[in-house]
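Build the full structure now, drawing on both the sequences and the hints.
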Amino acid sequence: MNKFTLHTGIAAPLDRANVDTDMIIPKQFLKSIKRSGFGKNLFDELRYLDEGQPDQSCEGRPLNTEFVLNQSRYQGASVLLARENFGCGSSREHAPWALDDYGFRCVIAPSFAEIFYNNCFKNGLLPIVLRDEQVDQLFREVAETEGYQLSIDLERQLVITPSGEEMTFSIDGFRKHCLMNGLDDIGITLQNEADIRAYEERRRQQAPWLFGAIK
Amino acid sequence: MAGKTLYDKLFDSHLVRTNEDGSSLIYIDRQVLHEVTSPQAFEGLRLAGRKPWRVDANIATPDHNVPTTERSGGVDLIVDPVSKIQVKTLDANCDEFGILEFKMNDHRQGIVHVMAPEQGAILPGSTAVCGDSHTATLGALGALAHGIGTSEVEHVLATQCLITKKMQNMLVRVDGELGIGVTPKDVVLHVIGVIGTAGGTGYAIEFGGDVFRNMSMEGRMTVCNMAIEAGARVGLVAVDQTTIDYFEGRPFAPKGEHWDAAVAEWRGLTSDTDAEFDAVVEIHAEDIEPQVTWGTSPEMVVGVSGQVPNPDKEKDPVKVDGINRALKYMGLVADQKITDIKLDRIFIGSCTNSRIEDLRDAAKVVKGRKVAANIIQALVVPGSGLVKAQAEQEGLDKIFIEAGLEWREPGCSMCLAMNPDKLGNGEHCASTSNRNFEGRQGFGGRTHLVSPAMAAAAAVTGHFIDVRELI
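Chains Z and L are the protein sequences, given in the same order.
Residue numbers 11 to 225, in the numbering used here, belong to the letters of the first sequence in order.
Residue numbers 1035 to 1505, in the numbering used here, belong to the letters of the second sequence in order.
In short, the hints are calculated from the structure, not lab data.
As the structure is a prediction and not an experimental result, all values here were calculated from the model.
Idealized CB from N, CA, C, for every residue including glycine.
Mixed in with the good hints there might be a few duds.
Unchecked claim - Keeping only pairs whose Cα atoms sit at most 27 Å apart, straight-line, the calculated DSS-like set for lysine-lysine is:
#1 K44/Z to K1118/L
#2 K44/Z to K1085/L
#3 K1085/L to K1118/L
#4 K1137/L to K225/Z
#5 K44/Z to K1122/L
#6 K1199/L to K186/Z
#7 K1118/L to K50/Z
#8 K1199/L to K13/Z
#9 K1200/L to K186/Z
#10 K1432/L to K1398/L
#11 K1432/L to K1401/L
#12 K1085/L to K225/Z
#13 K225/Z to K1289/L
#14 K1137/L to K44/Z
#15 K1122/L to K225/Z
#16 K50/Z to K1122/L
To be verified - To give a feel for the contact side, a few chain L residues facing chain Z, derived at Cβ under 8 Å:
#17 S1057
#18 L1059
#19 A1155
#20 D1166
#21 S1185
#22 T1235
#23 F1286
#24 G1356
#25 M1452
#26 G1473
Following this line, the structure appears as structure tokens:
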């Protein structure tokens, strides 16, 4: 997993609430058995005017020129500015995979759907919750200034605007630690193998019907 | 000290350890696997040289991609090459790791959230996960169940545990008696309309009150299924005699001595009378009429006697923008009557509404009637091979076919259109599924979420109509 410590990049504003994971990556692209290669189909139905197919090259597909990621000023964006309840709906981890593969390292929104929020951390993508008025302010500033960049300092838990204004965000200690060090959850959990075995033994005594039934 | 909620009890009884930062490691009794969100998890295990912690905690079946037309030729005859690879990959992974799988043409195959309860694979008092957000369905059984991402699928395969944070508790209480023609689907759509699509974020929702006590297990599954459409990963209904009766005799349910011990444990799976909830929502059953979604989020819902909202009456600019966007996408105008919405296709199926009671409800409405001339296609897709067999034994298939609906093989089908069942650009569909997002049922497709009875009524009239006029 990619480490996340400090990041500075162009911010792109996606100004709509309740962006669902079907919108982030439509279902026809979920048929892949890989974790990579989803970036070209990120926001496929918003980005292109035709219907995308898996394994199709996106070169030459008609672009929706109004869509934010197709505008020249947002090329190379790596920070996505979004509205409330971002990532709602389907649990598909293909959504953070697609955002990551496209080049996003961070999504800033007033709120996230929980499964999406969890999935981001497993993929080195940082979801940041800021207050409504802070997000409003960033939307305003990004619209006013071409090439607007945000810096994210995970260690200090800060979003820093080009004028030097600092906005603090909160994050779970464990998640922060994993993200900063690029750690794999499974390895960490398996350090507690003895605890898991002990629980399992107790459980087997209490509810033996939950063991060995499915075969 | 206040008593515990059902969610607290389930969480506490599965706690392996609490980490210093307040996150918890909880033990997972069951994982259900399907072809779309598992391949990368199995690949991850292989790359790390790991094995599943406990093979007997897993059960698998392909559902999202499988064709619902005649498929006796097997997986090799799946036309879409990408779907075929995914189904074959699930088969190969389950074979390699020794995980029980009901393959595509096994009579027990079906939509994960229909198959797993039907088999008794998920039991009251257990924890269950699946790489699918509609795992919330299983909370109807008195289990702590929620959807997870693929990295977590791999984590559970490898460790039998999940790193999680305890949720808050919300009680949604619906008292009173539902009117005729008002179904569990209408109840949950109404609830989502009240609390909003993010209203349940961070909460486990327990559904309590007369309406849920008097509801069948299948109805409870429909309700909990859509907790996630209100933002809650977990929906729950307390265990009662209805729950216990449901499990007796199911293939993987405990037997003999174990049955008695299990039932004794299950009877305690209710919220204590002095339990405190962080949020309580109270709704009167009499206020709920058959529901229809008009927009592109499940919260965009009104009663069938209502009309499409007018953005001029809304103050919040983000909401106005959302309404305008939805009206444009759906091809509707402000203040249009719901019953004036013409339909092109009908879909009866999905993990929300493809169980036998759903099919009976729909069959009752279409019996002796014909699908309206403007309907291009009306699909009935049972949730599992066993539901299909039961329906055929009751003659429901004949009623549907006679009325001009198509009777299909089990799978997720047009709920998310990963298989060939999908909407054309601009087409309106009365669908018993759970999501009306843009493009969900096909590029440019326009989904209206309704109950099976309302979908059936729309099929025979060609537009929305209050089903109570037909029954």
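Hint check results:
Restraint check for K44/Z and K1118/L: satisfied, since their Cα atoms lie roughly 15 Å apart, inside the 27 Å limit. Taking the CA atoms of K44/Z and K1085/L, the gap is near 20 Å; set against the 27 Å cutoff, the hint holds. Restraint check: the Cα-Cα separation between K1085/L and K1118/L comes to about 25 Å, which is no more than 27 Å; the hinted pair holds. Restraint check: the Cα-Cα separation between K1137/L and K225/Z comes to about 14 Å, which is no more than 27 Å; the hinted pair holds.
Taking the CA atoms of K44/Z and K1122/L, the gap is near 14 Å; set against the 27 Å cutoff, the hint holds. Simply put, K1199/L and K186/Z have alpha-carbon atoms about 15 Å apart, close enough for the 27 Å limit, and the pair holds. The hinted pair formed by K1118/L and K50/Z meets the criterion: a straight-line CA distance of about 23 Å does not exceed 27 Å. A threshold of 27 Å between alpha carbons decides the hint, and for K1199/L with K13/Z the separation of about 23 Å falls inside it, so the pair holds.
Of the pairs offered as hints, the one joining K1200/L and K186/Z holds, with about 18 Å between alpha carbons and a cut-off of 27 Å not exceeded. For a cut-off of 27 Å, the pair hint linking K1432/L to K1398/L stands: about 12 Å separates their Cα positions. With a C-alpha separation of about 9 Å, the suggested pair K1432/L and K1401/L falls inside the 27 Å cut-off, and the hint holds. Under the criterion of a C-alpha separation no larger than 27 Å, the hint pairing K1085/L with K225/Z is consistent with the structure, at around 17 Å.
With a C-alpha separation of about 16 Å, the suggested pairing of K225/Z with K1289/L holds against the 27 Å cut-off. With a C-alpha separation of about 22 Å, the suggested pairing of K1137/L with K44/Z holds against the 27 Å cut-off. Our distance criterion of 27 Å between C-alpha atoms is met by K1122/L and K225/Z, whose separation comes to about 20 Å. Taking the CA atoms of K50/Z and K1122/L, the gap is near 26 Å; set against the 27 Å cutoff, the hint holds.
Restraint check, S1057/L versus chain Z: the minimum CB separation of about 5 Å is within 8 Å; hint holds. Hint status for L1059/L relative to chain Z: holds, with the closest Cβ pair at about 6 Å, below 8 Å. Checking A1155/L against chain Z by beta carbon gives a least distance of about 6 Å; that is within 8 Å, so the hint holds. Residue-level restraint check for D1166/L holds (minimum Cβ-Cβ distance to chain Z is 6 Å; threshold 8 Å).
Taken as an interface hint, S1185/L checks out: its beta carbon lies about 4 Å from the nearest beta carbon of chain Z, inside 8 Å. Taking 8 Å as the C-beta cut-off, the interface hint given for T1235/L holds, the closest approach to chain Z being about 6 Å. Taking 8 Å as the C-beta cut-off, the interface hint given for F1286/L holds, the closest approach to chain Z being about 5 Å. Hint on G1356/L holds. Least Cβ distance to chain Z is approximately 6 Å, under the 8 Å limit.
Among the interface hints, the one on M1452/L holds; its C-beta lies about 5 Å from the nearest C-beta in chain Z, closer than the 8 Å criterion. For G1473/L, the suggested interface contact is upheld, since its CB lies about 5 Å from the closest CB of chain Z, less than 8 Å.
Violated hints are absent here; each numbered hint is respected by the structure.
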